[in-house]
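J.: Sequence:
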Amino acid sequence: MKQDLTAPVITIDGPSGAGKGSITQLVAKKLGYDLLDSGALYRLTALAAIKVGVALDDEDKVAELAASLDVAFVPGEYGEPVNVLLNGEDVTNEIRTESCGTHASKVAPLVKVRAALLQRQRDFQQLPGLVADGRDMGTIVFPNAPVKVYMTASAEERAERRYRQLKEKGEDVKIATLLSEIQERDARDTGRKTAPLKPADDAVMLDTTGLSIDEVLNKVLDLIK
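If you number the sequence shown the way my numbering does, the last residue is 241 and the count never jumps.
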């Protein structure tokens with residue numbers, strides 16, 4: 017399905033751990049809009065290639081797969097991750113594995129794959145509307161979106177949130193390690209040459225430090241209104 021430029025788009029960008037994923041799902045459910053989890057697309061492309069036996073370094077064939085990726089994002093229940101469907105199959109857990117992340121890192125640098133996925137992301141713009149979650153949704157993918165939100169939070173708060181998530185899963189982690197990882201990732205994301213992490217000039221900055229998820233949701237809905 018080709019991009020429908022008449023469909024409204026809400027972009028929600030920001031660093032890892034700012035709460036983008038949860039808010040994107042809640043806003044999409046509230047408005048009845050479609051959802052785009054852009055961060056999952058490289059993992060999905062790699063997974064699609066593996067499933068049909070395409071070598072991850074075959075740039076042309078991987079780009080062809082990326083351009084026609086049959087994927088849908090379905091908002092989960094409150095506090096749950098977005099459900100990801102590839103060719104109608106639920107691959108939510110499959111794309112979150114360490115191995116899938118490694119495969120994704122092999123296809124992400126391929127120029128033709130990046131170009132194909134840029135258009136594939138734009139094709140998610142359909143009626144009644146779209147809520148797009150990522151790092152360059154407002155700057156690169158949907159520069160004309162009428163509502164752009166840039167969500168952030170202190171590195172310390174994001175580390176604390178991640179710590180609680182991992183502890184609930186029974187993992188043994190240290191806040192100091194998580195904080196260091198978050199700070200290093202922020203430096204990489206903001207310093208890279210291609211599509212660096214930064215707010216769009218016309219984005220509304222929203223610092224979620226110390227705010228509950230309901231408080232953040234209400235602030236975003238007020239912006240949309």
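Please keep in mind that the hints were generated in silico from the structure rather than gathered at the bench.
One should not assume that every hint holds.
Said to hold, decoys possible - Within a straight-line C-alpha distance of at most 30 Å, the following computed DSS-like cross-link-like pairs (lysine-lysine) qualify: (1) Lys128 with Lys209; (2) Lys46 with Lys214; (3) Lys235 with Lys46; (4) Lys45 with Lys209; (5) Lys122 with Lys67; (6) Lys214 with Lys122; (7) Lys46 with Lys209; (8) Lys214 with Lys241; (9) Lys122 with Lys185; (10) Lys46 with Lys190; (11) Lys46 with Lys128; (12) Lys185 with Lys45; (13) Lys122 with Lys77; (14) Lys45 with Lys214; (15) Lys241 with Lys18; (16) Lys122 with Lys46; (17) Lys18 with Lys214; (18) Lys241 with Lys185.
Since the model is a prediction, treat every value here as computed from it, not as a measurement.
J.: Would you mind marking each hint as holding or not holding in the structure?
T.: Hint check results:
A C-alpha spacing of about 17 Å is found between lysine 128 and lysine 209, which places the hinted pair at or below 30 Å, so the restraint holds. Between lysine 46 and lysine 214 the CA atoms are separated by roughly 27 Å; this keeps the pair inside 30 Å, and the hint holds. Distance check on the hinted pair: lysine 235 and lysine 46 sit about 13 Å apart at the alpha-carbon level, within 30 Å; holds. Between the alpha carbons of lysine 45 and lysine 209 the distance comes to roughly 34 Å, so the proposed pair goes past 30 Å and is violated.
Between lysine 122 and lysine 67, the direct Cα distance comes to roughly 16 Å. Compliance with the 30 Å bound is thereby established for this hinted pair. With a C-alpha separation of about 24 Å, the suggested pair lysine 214 and lysine 122 falls inside the 30 Å cut-off, and the hint holds. Of the supplied pair hints, the one linking lysine 46 and lysine 209 is violated, its CA atoms being roughly 36 Å apart against a limit of 30 Å. Proximity of lysine 214 to lysine 241 is assessed by CA-CA distance (about 24 Å); at most 30 Å being required, the pair is judged to hold.
A distance of roughly 28 Å separates the Cα atoms of lysine 122 and lysine 185; the hinted pair therefore holds under the 30 Å criterion. Between lysine 46 and lysine 190 the CA atoms are separated by roughly 36 Å; this puts the pair beyond 30 Å, and the hint is violated. As the CA atoms of lysine 46 and lysine 128 are separated by approximately 36 Å, the hinted pair breaks the 30 Å bound. With a C-alpha separation of about 26 Å, the suggested pair lysine 185 and lysine 45 falls inside the 30 Å cut-off, and the hint holds.
Only pairs whose Cα atoms come within 30 Å are accepted, and lysine 122 paired with lysine 77 is accepted, the gap being roughly 14 Å. With a C-alpha separation of about 26 Å, the suggested pair lysine 45 and lysine 214 falls inside the 30 Å cut-off, and the hint holds. Between the alpha carbons of lysine 241 and lysine 18 the distance comes to roughly 27 Å, so the proposed pair stays at or under 30 Å and holds. Restraint check: the Cα-Cα separation between lysine 122 and lysine 46 comes to about 36 Å, which exceeds 30 Å; the hinted pair is violated.
Of the pairs offered as hints, the one joining lysine 18 and lysine 214 holds, with about 28 Å between alpha carbons and a cut-off of 30 Å not exceeded. Using a Cα cut-off of 30 Å, the hinted pair lysine 241 and lysine 185 is violated, with the two alpha carbons roughly 37 Å apart.
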